[in-house]
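From first to last, the protein sequence lines stand for chains A and B.
The first sequence begins at 221 in this note's numbering and counts up one residue at a time.
The second sequence begins at 102 in this note's numbering and counts up one residue at a time.
Misleading hints may appear alongside valid ones.
Chain A is nowhere near these chain B residues, computed Cβ spacing over 10 Å in every case [stated by the list, open to error]:
| # | residue |
| --- | --- |
| 1 | Leu127 |
| 2 | Val200 |
| 3 | Met204 |
A partial selection of chain A residues facing chain B, derived with a Cβ cut-off under 8 Å [stated by the list, open to error]:
| # | residue |
| --- | --- |
| 4 | Leu301 |
| 5 | Asp389 |
| 6 | Ala625 |
| 7 | Pro628 |
Hints listed in this document are in silico derivations from the structure and should not be mistaken for laboratory results.
Beta carbons are placed, not taken as given, at the ideal position from N, Cα and C, and that holds for glycine.
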Amino acid sequence: MATWRPDPSFYPSPRMAAKAPKETLAYVAAFDPDRQRPDAIAVVDLDPASASYSQIVGQVDMPNVGDELHHFGWNACSSCLCPNAPHPHVERRYLVVPGLRSSRLHIIDTKPDPRKPEIVRVIEPEEVAERANYSRLHTIHCGPEGIYVNALADRDGKAPGGIFLLDHDSFDVLGQWEMDRGPQKLAYDFWWHLGHDTMITSEWGTPDTFENGLVPEVLLGSQYGRRLHFWDLHTRKHLQEIDFGEEHQLVFELRPAHDPTKAHGFVGCVISLKDLSASIWTWYREGNQWAVKKVIEIPAEPADPDLLPPLLKGFQAVPPLVTDIDLSMDDRFLYVSCWGTGDMIQYDVSDPLAPKEAGRVRIGGIVARATHPKASNGRLNGGPQMVEISRDGKRVYFTNSLYGAIDPQFYPEGLDGWMVKLDVGDNGGISFDGKFFVDWPKGHRPHQVRLEGGDCSSDSYCYS
Amino acid sequence: MMDFWPWLSLAGLGAFHGANPAMGWLFAVALGLHRQSARTVWLSLVPIALGHAVSIGTVLAAMVAFGAVMDLRGLQLVTAVFILGLTGYLAIYGHRHRVRVGMQAGMAGLAAWSFLMATSHGAGLMLVPAVLSLCLSDQAGVAGTTDSLSVSLAAIAVHTGAMLAVIAAIALMVFTWLGLAGLRSAWINFDRLWIAALGATGIILLVW
Numbered sequence: 221m222a223t224w225r226p227d228p229s230f231y232p233s234p235r236m237a238a239k240a241p242k243e244t245l246a247y248v249a250a251f252d253p254d255r256q257r258p259d260a261i262a263v264v265d266l267d268p269a270s271a272s273y274s275q276i277v278g279q280v281d282m283p284n285v286g287d288e289l290h291h292f293g294w295n296a297c298s299s300c301l302c303p304n305a306p307h308p309h310v311e312r313r314y315l316v317v318p319g320l321r322s323s324r325l326h327i328i329d330t331k332p333d334p335r336k337p338e339i340v341r342v343i344e345p346e347e348v349a350e351r352a353n354y355s356r357l358h359t360i361h362c363g364p365e366g367i368y369v370n371a372l373a374d375r376d377g378k379a380p381g382g383i384f385l386l387d388h389d390s391f392d393v394l395g396q397w398e399m400d401r402g403p404q405k406l407a408y409d410f411w412w413h414l415g416h417d418t419m420i421t422s423e424w425g426t427p428d429t430f431e432n433g434l435v436p437e438v439l440l441g442s443q444y445g446r447r448l449h450f451w452d453l454h455t456r457k458h459l460q461e462i463d464f465g466e467e468h469q470l471v472f473e474l475r476p477a478h479d480p481t482k483a484h485g486f487v488g489c490v491i492s493l494k495d496l497s498a499s500i501w502t503w504y505r506e507g508n509q510w511a512v513k514k515v516i517e518i519p520a521e522p523a524d525p526d527l528l529p530p531l532l533k534g535f536q537a538v539p540p541l542v543t544d545i546d547l548s549m550d551d552r553f554l555y556v557s558c559w560g561t562g563d564m565i566q567y568d569v570s571d572p573l574a575p576k577e578a579g580r581v582r583i584g585g586i587v588a589r590a591t592h593p594k595a596s597n598g599r600l601n602g603g604p605q606m607v608e609i610s611r612d613g614k615r616v617y618f619t620n621s622l623y624g625a626i627d628p629q630f631y632p633e634g635l636d637g638w639m640v641k642l643d644v645g646d647n648g649g650i651s652f653d654g655k656f657f658v659d660w661p662k663g664h665r666p667h668q669v670r671l672e673g674g675d676c677s678s679d680s681y682c683y684s
Numbered sequence: 102m103m104d105f106w107p108w109l110s111l112a113g114l115g116a117f118h119g120a121n122p123a124m125g126w127l128f129a130v131a132l133g134l135h136r137q138s139a140r141t142v143w144l145s146l147v148p149i150a151l152g153h154a155v156s157i158g159t160v161l162a163a164m165v166a167f168g169a170v171m172d173l174r175g176l177q178l179v180t181a182v183f184i185l186g187l188t189g190y191l192a193i194y195g196h197r198h199r200v201r202v203g204m205q206a207g208m209a210g211l212a213a214w215s216f217l218m219a220t221s222h223g224a225g226l227m228l229v230p231a232v233l234s235l236c237l238s239d240q241a242g243v244a245g246t247t248d249s250l251s252v253s254l255a256a257i258a259v260h261t262g263a264m265l266a267v268i269a270a271i272a273l274m275v276f277t278w279l280g281l282a283g284l285r286s287a288w289i290n291f292d293r294l295w296i297a298a299l300g301a302t303g304i305i306l307l308v309w
């Protein structure tokens, strides 16, 4: 239902959004890797003054099993204030939650009781296939033409993957987004520069190359995603492809600058086939074209083969495996999850082409097994993964699971879920909040975190 | 007889459009902020006003053409049906409007955007009752083509002038002094007000 005033969680600019009230709740996707019980969205109390701080205080179970909940988002966000696509009287109240494996979409209402969200609509995979010809739903963003959902495969589970649109009021599937996809085949993440009318998409692989885990032959053959695609956001046409080359595999998470006047952003590359290092690249405008530059390289760490999973024994090293990144609202700090070594690294990216390390913590890790002050088990597994930053940039939350079929390839003894919080210093620097450690209930693994009222990877802005 | 109220309603509707952020001033401010240029704000107002004027001009031209072959009651009924139809459409499907123009829109793109926004909101239709009453103020029954044309042109000028004055004033204030924080509370649901006004106009025309 339309409202009289804009949703109070919408902000015209990232500068204003950074002054938003502190979040008190997080919504966290949790999935059962054995696909025996329903996946869920858990509600975590983030209010330090609350008696249930750092505890799961609510949960909504999905109606089916085996969805593999992954990256979800809001039905509406600050981009509703944009002048060319104004819809400011839509409410940010529904979470749009896709199943990566099931291709099912769940619409969850958080308004009546934010601690007890309720499923109000389920869009079955057949409807998505019929209307948009896609499957394997992955990421959600609210934007100029409604809700954008990307999908890693077509209805038959093959390439091309792409994007489709949902109506942000009725949640009807409106159809495929692309008008001309050019050479784009694979899909993974997507986001945009609203001020520059540009969509950017990245790549993973087709379901047969990831649903049973990473396939070493495909990886070593450089057949996983390694390209960025740039599109005209409004004509929906492919404009440019940038190939990172055979060395770089799994070019994944995209974080454009929040300031709409800026035309740069960051993307993480999970692994180099040359030396198992991970890297961060900056994209930027160069004349009339987009260009990329590798700005951070995180080396692999030598390790005793006895401590390594079978996949890595021959390499005698732990790859950092940068599987997620996130950019603070003021575009100053980039957070980089190293799921392999267990590091969460904070970089000052004030100069986007010359980042400087500003802080680092270690938790979990394939060999390190670093612990947390509040963890009862002294050796944590998994590593920093999906990371989310509060709008004011003072708090950072992350979980430790990557993907059901890939977790055991790197953590073969099983992965016990956890969620932690970091406090950020005024001029950088990060440290654990000793009171915040969610020892995730067995049977589920936590994945993406969304913060009440918006966060640093769910809103985009048209004004600086 | 000099009738004041139709002119006032033409100007009032223009001011209403000018005040609505979704009809243009916000776009001008956004472009100015993006390019860090007050000049861009001013320049942007021209195509926005032009697109709006062409949209209402097209509708009024159609009215004048119909007026030449149709009696007053017939013209009123046709207009009422169009207005009520649009009211129903906007009430049910209005939120689905997507005018696909980017933030890098040039001056021609802005004019096209403004034309489409005004047309899809029925801006021209809303002026028909006022223009009709002006055309008929000296005659009984039939709207004369020559008079109607000059009255219509004057109506477009008054309406667009009022709109331009208001968008210029708001764009200047917001860009120079106020900033955009006020949007969060001051951007009331103009669409809902507009639907109510459209509906009321349609009903009045029907029973008038």
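Results for each hint:
1. Separation of B:Leu127 from chain A is inadequate, the least Cβ-Cβ distance of about 4 Å not exceeding the 10 Å criterion.
2. Not every beta carbon of chain A lies more than 10 Å from that of B:Val200, the smallest distance being close to 7 Å; the non-interface claim is violated.
3. Not every Cβ of chain A is farther than 10 Å from the Cβ of B:Met204; the closest lies at roughly 5 Å, contradicting the non-interface assignment.
4. With 8 Å as the threshold, the beta carbon of A:Leu301 comes within range of chain B, its nearest partner Cβ sitting at about 6 Å, so the hint holds.
5. Because the closest C-beta pair between A:Asp389 and chain B is about 5 Å apart, less than 8 Å, the hint holds.
6. For A:Ala625, the interface hint is violated, the least distance from its beta-carbon to any beta-carbon of chain B being 38 Å, above 8 Å.
7. Taking 8 Å as the C-beta contact cut-off toward chain B, the hint placing A:Pro628 at the interface is violated, the least distance being around 44 Å.
Of the numbered hints stated above, those contradicted by the structure are hints 1, 2, 3, 6, 7, listed in ascending order.
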